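Asks: Spelled out from the first residue to the last, the chains are:
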Amino acid sequence: MSQLINSILILLVLTGFMLLSSSRLAACIRAIAIQGVLLGILAIAVQGRQLSMAGVLLPLSSAMVKGFVLPWMLLRAMREADTVREVEPLISYNLSIIAGTAALGLSLWLGHRLQLSSQLASSLLVPAAFFTSLVGMIVIASRRKALTQVLGYLALENGVYAFGAAVALRLPILVELGILLDVFVGVFVMGIAIFHISREFNHIDADKLQALTDRL
Amino acid sequence: MIVLLIIIPASAGLAAFFIESDRLRRILLLATASAQTALSLTTWIVSPAPALGGWLAEDALGRLIETLTSVLFLAASFYAVAYLREERRQTHSDFEEGFLFSNAREASFTACLLFFLAAMTLVAVSQQLALLWVAVEATTLASAPLIYFHRHHRSLEATWKYLLICSVGIALALLGIFFLAVAATNPDGTTIPLTVQDLRSNAHHLNVPWFRAAFVLLLVGFGTKMGLAPFHTWLPDAHSEAPSVASALLSGALLNCAFLGILRAQEISVAGGLADFSDKLLLVFGLISMGVAAAFISGQTDYKRMLAYSSVEHMGILAVGVGLGGAAVFGAVLHVINHSLTKAMLFLVAGNFLAAYRTKNSAEVSGALSVLPVSGVLWLVGLLAITGSPPFGPFLSEFTILKAALDHGQIFVAVLYLVLLAIIMAAMAAPALAMAQGTPAADVKAAPQRGLALSVVPAMLGIAVLVMGVYVPPVLTRALREAAHLLG
Amino acid sequence: MLSGSILPLILAVMLAPLMQAVITRTKSVMAGRVGQPLLQPYWDLLKLLRKGAVYSNTTTWIFQMGPAVGLASVILAMALVPFGGLSAPFAFSGDFVLIAYLMGLGRFFTVLAALDTGSSFEGMGASREVTFSALAEPALFLGLAALARQTGLLSLSPVLAAISTVTWMHAAPILSLTLAGLIIVFLAENARIPVDDPTTHLELTMIHEVMVLDHSGPDFAMIQYGAALKMWLFAAIIIGVAAPWHLGNRLIDLGAALGAMLVLGIAAGIIESSMARLRLLRVPQLLLVAIVLSALALAL
Chain A
1 MSQLINSILI LLVLTGFMLL SSSRLAACIR AIAIQGVLLG ILAIAVQGRQ LSMAGVLLPL
61 SSAMVKGFVL PWMLLRAMRE ADTVREVEPL ISYNLSIIAG TAALGLSLWL GHRLQLSSQL
121 ASSLLVPAAF FTSLVGMIVI ASRRKALTQV LGYLALENGV YAFGAAVALR LPILVELGIL
181 LDVFVGVFVM GIAIFHISRE FNHIDADKLQ ALTDRL
Chain B
1001 MIVLLIIIPA SAGLAAFFIE SDRLRRILLL ATASAQTALS LTTWIVSPAP ALGGWLAEDA
1061 LGRLIETLTS VLFLAASFYA VAYLREERRQ THSDFEEGFL FSNAREASFT ACLLFFLAAM
1121 TLVAVSQQLA LLWVAVEATT LASAPLIYFH RHHRSLEATW KYLLICSVGI ALALLGIFFL
1181 AVAATNPDGT TIPLTVQDLR SNAHHLNVPW FRAAFVLLLV GFGTKMGLAP FHTWLPDAHS
1241 EAPSVASALL SGALLNCAFL GILRAQEISV AGGLADFSDK LLLVFGLISM GVAAAFISGQ
1301 TDYKRMLAYS SVEHMGILAV GVGLGGAAVF GAVLHVINHS LTKAMLFLVA GNFLAAYRTK
1361 NSAEVSGALS VLPVSGVLWL VGLLAITGSP PFGPFLSEFT ILKAALDHGQ IFVAVLYLVL
1421 LAIIMAAMAA PALAMAQGTP AADVKAAPQR GLALSVVPAM LGIAVLVMGV YVPPVLTRAL
1481 REAAHLLG
Chain C
2001 MLSGSILPLI LAVMLAPLMQ AVITRTKSVM AGRVGQPLLQ PYWDLLKLLR KGAVYSNTTT
2061 WIFQMGPAVG LASVILAMAL VPFGGLSAPF AFSGDFVLIA YLMGLGRFFT VLAALDTGSS
2121 FEGMGASREV TFSALAEPAL FLGLAALARQ TGLLSLSPVL AAISTVTWMH AAPILSLTLA
2181 GLIIVFLAEN ARIPVDDPTT HLELTMIHEV MVLDHSGPDF AMIQYGAALK MWLFAAIIIG
2241 VAAPWHLGNR LIDLGAALGA MLVLGIAAGI IESSMARLRL LRVPQLLLVA IVLSALALAL
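Heads up: the sequence lines are chains A, B and C, in that order.
Position 116, counted from 1, in the first sequence is what this note's numbering calls 116; the numbers after and before it change by one each time, with no gaps.
Counting the second sequence from 1 gives a position; this note's numbering is that position plus 1000.
Counting the third sequence from 1 gives a position; this note's numbering is that position plus 2000.
Take these hints with a grain of salt, some might be off.
Unchecked claim - One side only, chain C facing chain A, incomplete, derived with CB under 10 angstroms:
#	residue
1	Met2065
2	Ile2193
3	Leu2280
4	Arg2282
5	Val2289
These aren't lab readings, by the way, just hints derived from the structure by calculation.
Since we're looking at a predicted model, the values are computed, not measured.
Every residue, glycine too, gets a C-beta built ideally from N, C-alpha and C.
Put together the whole structure using the sequences plus the hints.
Replies: The following block contains the structure:
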């Protein structure tokens, strides 16, 4: 079981790098989809012997939403936006990968510092969760297109969710559903906003949305 | 009864989506707002029973904020009905760049308003922290379409920034809540449930480093939503582009709900004896917010952005008040009420200005006292109130905070607080006074027969602000004291 | 000190061109052709040895030394690599550093020889080669370091001998990451697709080919043979990690290792046939990914 969890976590880290280094929008969306599915499997695997109905259904539905429904919505938004389907980042891909490596180092250090007294299924859980969140923030900060910013937000949420799975949080069902619903509706609203942006501006470069600024 | 408070606006919102008739929809809006306010006021007389196994309950703090939200929403809905009626009549050409744009469907605007109310109410009554998080995120999602009412590129930009920045902040707050759950895990494996009550009573058993990290994340996350600097960047854009009704609700009600998230964490911190750590953080961020606001208000040419930065300033004052502890907390909770009433009034008045003068530039607005007598007077009243002059409400609360700072020996904080308030007063007074006085430009005619509510509603809010400055009803004082007691 | 057996070295020297032939044959079969006979590389080497060499007037002694040093360094490096359960002829603590630097020495002289011709064509190839090697070398080092850390030993022969199926069961993720990194380095150092196309003769796409364009006769034979040996070297390290069966019987182990080399050759041929070469801009990213994979394997 520990091997399985370790392998899932390493794949999770690899999807983070895939998100950072892909130049095609579709590949980035696929990376997030794989992350969603991996997280569902992780949430089930972490429970070990104490599987329950809710414990399987919730991660499964979360994996379905994050792995299939949301990417489908984002792919549709990408097609409707009728934009160049390249990521066009603000920093080069090489620099993104290096930043990702630094984030990985930081997460490993943080995971080592935060000695969790409770039994963790693997020592990689907390670092992998932090790494995914950090990758999300790097993507939000360093990508131009509004669509990639949404992907970064999803990666951030995935990282937080992974941390929740890591500490095997027994959150009540209502709350878990609420969180899932929030993420779903959030991405839905963002997808609609992207559609409007593409119609209004003929591009989805969030970088160019600079009409409202203040100078000191 | 508590569940009713949430279900009524939520179902009304759903219904509003499908109602075709404008008149019927507006009546629904007013009816729901009135019912909600009535229900809130009854909770002051008869305490409602907790629901959902203790997850939804009204403590003193929650009741205050919930009632405030309902009252503001009532005022806003009357204004909104008149506003929507006006908007229907005209073609819309953008004031700054002259292009034509359209508005969103009135049905979706009304529905989102009602969902917004439901979500904010849920934040106020939620005792379970994760549920509170869900509600705060729901407020973001419900209010984003409100900002995008006028369909043009600037409001779209503001909406996008709002959505993204607030969602990222809220995601960090979720991480904070997970950290809190880890902190609430006893060494033997059992967990303390994530309700405010349970966490407060077991506060001494919380794992301290994890709680500290959790508090930081919650402060950053909810602070983003609240408008604390340096996470406030969405605030000016959203407020300047949204219609005034939405701005009033955002500043007057939403920021308080986000603050509630931080207050819940502070309650636990105080109960666990970790107040030193959290107080320091609150003070730092509060002062930074006031400083940033002072910097950006000086030389601000857009009067709606000026009001937005003023909101940032007042959120800073709230953080400073809670961070000081003791009597200052009473001042802070009082200030929540005062600021909300005043800021809502100011935004509604600004909306009237915008309609009459057709410009957002404060230099181009003059002679408001003659063109829009009621709104002009209220503008001056609001200016005096928001910068902290007696005899208005904010003066009382800001003074209480200042006095507590001096009493506690925090001289540096008190001096900085005073200096920043003075800078902001000077920076706001000059353009605002110029807007009210003087002679209007030739092409500005007195506003045609616009809705009565457009002037009456801000006037009522203004009277409330004046009353709060002179006489705080004892029932309110008791409630404030109870709320402040929770926060140390 | 002769601690191991000389068999790995002898096998490498004899069979290295055969591996190249296997890859070429696989590619031909995948393309639907019959392809060259398997012994063709040997005949090509003999043919080249019989020819005379032509030297340009602009070159100096460096140009003649380049191929010789390249071949010598690879043979020396080969003497440190174990194969099929047999220890290398020479093994001492830290020998994998020597391997990496011997490869570096060979590369350095090849590049010098290319620059010595004074042609901008070779210079272009030299600069590309050096850029990619600068990124491939850390990946190689980190991968070998990860292996060393995993087994706790510092010499290549004991490290590869210590990796067994048990190690794989305990540390599968780490070993797979290392393997992935090493495979990418294998593709990069031996100028295979997706890093470089060994059969192309178009200016824009050549990296390794263009550096050796001016060599002829025995010099070219030395370069070809050196390239084959280099490929065998990397392949031996890879199958040391990927095919960890040590059954005790020497003959079976050797046979298994040779079989694994064959499989690796066929796999390389399949990869070459099914992928296109990466844009030059993307090759550094691929190598960065290899570095990250190896670093990850080391850190875990």
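Asks: Are the hints correct? Go through all of them and say.
Replies: Consistency of the hints with the structure:
| no. | hint | result |
| --- | --- | --- |
| 1 | Met2065 | violated, 35 angstroms |
| 2 | Ile2193 | violated, 19 angstroms |
| 3 | Leu2280 | violated, 13 angstroms |
| 4 | Arg2282 | holds, 8 angstroms |
| 5 | Val2289 | holds, 7 angstroms |
Of the numbered hints listed earlier, those contradicted by the structure are 1, 2 and 3.
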